[in-house]
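J.: Sequence:
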Amino acid sequence: MYFKKWEPVSYIRKVMEVIALRDDDEGFRILLKADEAKTLKIQFKGAVSYRNTDEMYLHNDLKNCEGKWPLWTVQDSEYLEWYRNNQPFDEQAESSCKIIHYFILTPNDCVEILSNTEPDVEWLY
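Numbering (the numbering used here), first residue to last: 1 to 125.
Just so you know, these hints were derived from the structure itself, not from any lab.
Just to be clear, a hint being listed does not mean it is correct.
[What the hints assert, rightly or not] No more than 16 Å apart at the CA atoms, straight line, and that leaves these computed lysine to aspartate or glutamate pairs for EDC-like: (1) Lys41 <-> Glu118; (2) Lys33 <-> Asp109; (3) Lys33 <-> Glu17; (4) Lys41 <-> Glu122; (5) Lys98 <-> Asp76; (6) Lys45 <-> Asp109; (7) Lys45 <-> Glu26; (8) Lys41 <-> Asp24; (9) Lys33 <-> Glu122; (10) Lys45 <-> Asp25; (11) Lys45 <-> Asp120; (12) Lys68 <-> Glu17.
Could you build all of it, start to finish, from the sequences and the hints given here?
T.: Here it is as structure tokens:
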């Protein structure tokens, strides 16, 4: 498993907290906040799978993250391999090749998203 720092917008703080996870007709959204008033919204319209795990249960996986940073993409992950292995054969070759594993790390949560499109990311004021 290889972690790559993901910086989709400027001014991301090294430590952020999840304040909301939403999945509805607009897609899957995560709201993150640091100490100041701005909130970071990450909206996945192409999320095919996601999970949220308490950070303390992924301690061994996190040793690959270099330093403190909340946003990552992951290559060669067990989660992505699991997803690909559980797809119908005809869909496996076509759709799962394009899927990116996003990893959001906070002091209390590890939110992982598999998406076949890049998310929309913006600061809310």
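J.: Checking against the hints above, which ones are violated?
T.: 6
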